[in-house]
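Engineer: Residues per chain, in single letters:
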Amino acid sequence: MSTVVCLTSTVCENMNLTEVNGVAIGMQCLTQGLKELNYAYEKEKEIENCHQEIIKVRLLITILEGKKIGVVENNGNVEFIVNDLNCEISKVAIKKIRQRYSKFAILHELESKGYAKVKEEKLANGKIRMVVEKWD
Amino acid sequence: MGLKYQVVIEIDEDDQITMETLGFKGPKCVDEIKKIIKNLGQIDTIEKTKEYYEEEKSKLKSTQKNFSK
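As given, the protein sequences belong to chains A and B, one line each in that order. Per this note's numbering, the first sequence starts with residue 4, numbered consecutively. Per this note's numbering, the second sequence starts with residue 242, numbered consecutively.
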């Protein structure tokens, strides 16, 4: 039987952007995730934050009920800006975006190491499960 | 045909990620996960299964056998 090792890791806690060949992989993974979630987004826009300040954002995401989430890059990290910190709709949307971001960031790493995705499913507990493989 | 290596990944809604490798022998599986995670984040915990240690034992046995020759 083959060796099995289970790892639990915290990945992309601060949603670090990885610059590879001049392409912001982090932002690429983020937009891939937004497309999968069917969230519309516009580039280089402005949003009012919770202190009523106007902030320039790299992406302005439209979620349910017309609510908006801004995305800025700060020292290589991605930060989300909302105008209501207690808005449950925004909190849930940010969780979903982070989950999809992680999925595409991991897939990008795995594909660069020769793996190909062979299976993906959404589990009842909300987890995304993927199987990748490579032959040697 | 060559050897098949698989990685099973689960990402929960709180961004916690679990990875499991299949087909790797001994410590190679940990090394592989470290390579994958390197650019993405930090490993919190590593859980080695029974098979991991069984593999280590069989390696140790074969080393001793070679030594006594």
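Treat the hints as calculated values from the structure; they're not laboratory data. Hints should not be assumed to be uniformly reliable.
As the list claims (entries may be wrong) - Between beta-carbon pairs, the in silico distance windows are:
{"hint": "1", "chain 1": "B", "residue 1": "Gln283", "chain 2": "A", "residue 2": "Gly129", "range": "31 to 37 Å"}
{"hint": "2", "chain 1": "A", "residue 1": "Lys70", "chain 2": "B", "residue 2": "Glu254", "range": "17 to 23 Å"}
{"hint": "3", "chain 1": "B", "residue 1": "Asp272", "chain 2": "A", "residue 2": "Asn89", "range": "42 to 48 Å"}
{"hint": "4", "chain 1": "B", "residue 1": "Gln283", "chain 2": "A", "residue 2": "Glu68", "range": "32 to 38 Å"}
{"hint": "5", "chain 1": "A", "residue 1": "Leu40", "chain 2": "B", "residue 2": "Lys275", "range": "27 to 33 Å"}
Using N, Cα and C, we set each Cβ at its ideal position, and we do this for glycine too.
Engineer: Determine for every hint whether it applies to the structure shown.
Structural biologist: Quick rundown of the hints versus the structure:
no. : hint                            : verdict
1   : B/Gln283 / A/Gly129: 31 to 37 Å : violated (23 Å)
2   : A/Lys70 / B/Glu254: 17 to 23 Å  : holds (19 Å)
3   : B/Asp272 / A/Asn89: 42 to 48 Å  : holds (44 Å)
4   : B/Gln283 / A/Glu68: 32 to 38 Å  : holds (36 Å)
5   : A/Leu40 / B/Lys275: 27 to 33 Å  : holds (30 Å)
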